[in-house]
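Keeping their order, the protein sequence lines are chains R and G.
Numbered by my numbering, the letters in the first sequence go through residues 1 to 393 in order.
Numbered by my numbering, the letters in the second sequence go through residues 394 to 683 in order.
Reference excerpt, derived from the structure (chain G facing chain R, CB under 7 Å, subset only):
| hint | residue |
| --- | --- |
| 1 | Ser458 |
| 2 | Gly459 |
| 3 | Ser566 |
| 4 | Pro567 |
| 5 | Glu584 |
| 6 | Glu585 |
| 7 | Pro592 |
| 8 | Pro613 |
| 9 | Tyr614 |
To spell it out: a stretch of chain R is covered by chain G in this simulated footprint if at least three of its residues, at any positions, have a beta carbon under 8 Å from a beta carbon of chain G; those stretches are:
| hint | stretch |
| --- | --- |
| 10 | 14–21 |
| 11 | 295–308 |
| 12 | 363–375 |
One side of the interface only, derived from the structure: several residues of chain R facing chain G at Cβ under 7 Å:
| hint | residue |
| --- | --- |
| 13 | Glu3 |
| 14 | Leu7 |
| 15 | Ala8 |
| 16 | Arg10 |
| 17 | Ala11 |
| 18 | Thr24 |
| 19 | Gly53 |
| 20 | Pro55 |
| 21 | Ala57 |
| 22 | Glu58 |
| 23 | Gly61 |
| 24 | Pro62 |
| 25 | Val311 |
| 26 | Pro325 |
| 27 | Thr360 |
What the hints contain is simulated information worked out from the structure, not anything from laboratory work.
Each residue gets a CB set at the ideal place from its N, CA and C atoms; glycine is no exception.
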Amino acid sequence: MDEHITLALRAMRHPQTGLAAALTAVAPSLEARLCAVYVAPPGPGAVELLAAGGPEAERLGPPGAVEGPVGKMVRRQAAETAPGWMDTPPLTPSPWADFDALGHVATPLPSGGACLLLAGSSRPGDPERLREASVPVAILAALLASSREMESLRRQLHEVRQSRTLLAAGLQHDLRTPLTSILGCARTLVESGQALDEGDRVDLLNVVATQAERLNEMISEVLVPDTVGPDVPLRLAEADVREVARRVASAAQVGRGGDILIAVDDVRLVTDVPRLERALLNLLDNALKYSPDEQPVHLLGSTTKDGFQFVVADAGSGVTPAIVPTLFRAYSTDPDRSGGVGLGLHSVAALAGDLGGRVTYWRNEGWTRFSLCIPDLRDRERDEKLVDSEVHG
Amino acid sequence: MTLAALAERIGARDMFVLRFVDEGRLVNVDGFGRGAGWAGNLTVRPDAESWPAEALQAGLLRARSGLPERIFGPYWSTEAVGVATEHGLVVFGGPGMAGKPDELLRQIADEAASRVEEVPVAKRLADELEVSQAALAIATLRPGDIEEIAVEIANRAAEALSCEFGALLLTGSPPRLFLASEGWRPPAGDEEIIAAILPLAQAVRDGLLVEQDVSCSSFPYHPLAFDDGLVARAVVPLGADGKRGVLVVAHAADAPRGFTSLCQRVLVAIARATDPVLDGALAAPNPARA
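Work out the full structure: start from the sequences and follow the hints.
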């Protein structure tokens, strides 16, 4: 067991892997066929399965958010302060119901909430051994929680910076038109106001008033609270995908210059539009940055069986093959490509994950392609509306 | 017209002729490309796989994505079309397939389905030979020290299954890792790779573990996860109840595919042949320790 624990702690670059390795070490000592570590957050967020071990680990499925009866059971056990074994209570959800005894140890985490070690066995084991086993597991769970929190803060910081850039680019683009109109009218009034008749002067003043109102509305929109962030829930709405593509391409061009050719299917999709826009903007900005001069960037979009796929393609030299496996991790930078701190693609991957999708990279026939596949969240939107209407009567 | 000519007529890189052998089971009896190579070694259960089930229900189903994704069983492609026929399903895969007209697809599918009923006998014999040769390649390894032998087993397993990654983990204190000399390798140290394999080693003690799509794995642990560049993985225990260790083979994203039943048989045969070879290597005196 000690050897595996050492290995688990040595794999701290990947705390989740270390946690899984630690569970493989504790499972035999607890005579458990299934061991798992869950995190119950302090607030109302979903319980998360961090890792599983033991001969039946596959039964729990992929780590990630856990809802329903298992989530409720974990919340209950995570609040239990005394560790120990219990006979599996009636109505315990599957797969935990298949074991005669359940061992449980909850450990409060520095970041709030608690991690819960659950062990399923054919008979109750030694509570002291259970407590001992929980120590390395809790340390690794705390490490994992801390590294995630750190990553989340880094991402927020990156998003704040990106918001500023996006805002500046958007303002430059959106404000120029009304300001040009206002300036033009004002100059005409100053320079030739005396020569104009009353009707023309009123017309020009009306243009100034209308455009000023438009500016005012834009400023109000800009000042609404941040609509994207890792802790902000999805805001689902039906969107015209082609229109979204045009809008983002326009913002990207203002920011960096260059041509973008758009060929996007004319469909409507339910998604979180601000998140989608931010992900696409990142990809387009990257493509414009690395695309050779005079070579346009392509933004393609088509429906798939599960939703929609955007492809951003540029004729640049692509990513150094050695870093492809870690391309979407935070701070993954390509020594052969200049600039950047390695957060852009990480942010895209996180946003794609938020949207229930995935971003992937591949290169062929001289084209560097990033594909962003997202599902149509129409069903989820309907379910949420249903819950909302039930809650609010 | 041969199956190859039919596939060529529609421009398919791969064609699978899947035929119902009982109510809930389709078998790939022949085809073209991977469909021919995997004939007799691919069973599809529509109640367990959504894409073939939808294709059978809809009559004709298209899949298209920018990157290869798993269509059914071990088959990955960027584009595929499934066409229901009288006795089963015909699947066309390869670039451009999703844009082919319905009528042509149905016509070729019906014609292909009418031409085959059983897996060719020569193909069955060739498969048996492949299993035996894979086991023989291990059994006839020249005696050597454990380092050489274990790396050579990983090499031969990866080669026999055309995998980009092969690893042999000997459990014990401490666990020892031996990686195939060529192919995909994660940018990580041995201890990190061992930590990622340990949960698999524990979960596989009851038999073979096959993950046709690592993106939805129960063991998504870096540096051997989908995000690291692996798409499909198979793990087989070594020794009684996996007490000796495990052999891991995987396909990388550069050549996405899973493991057919023949691949799985080959892997099990290799694992069985490995036990006595490892026994010999572990029992042999090690000059380095003398």
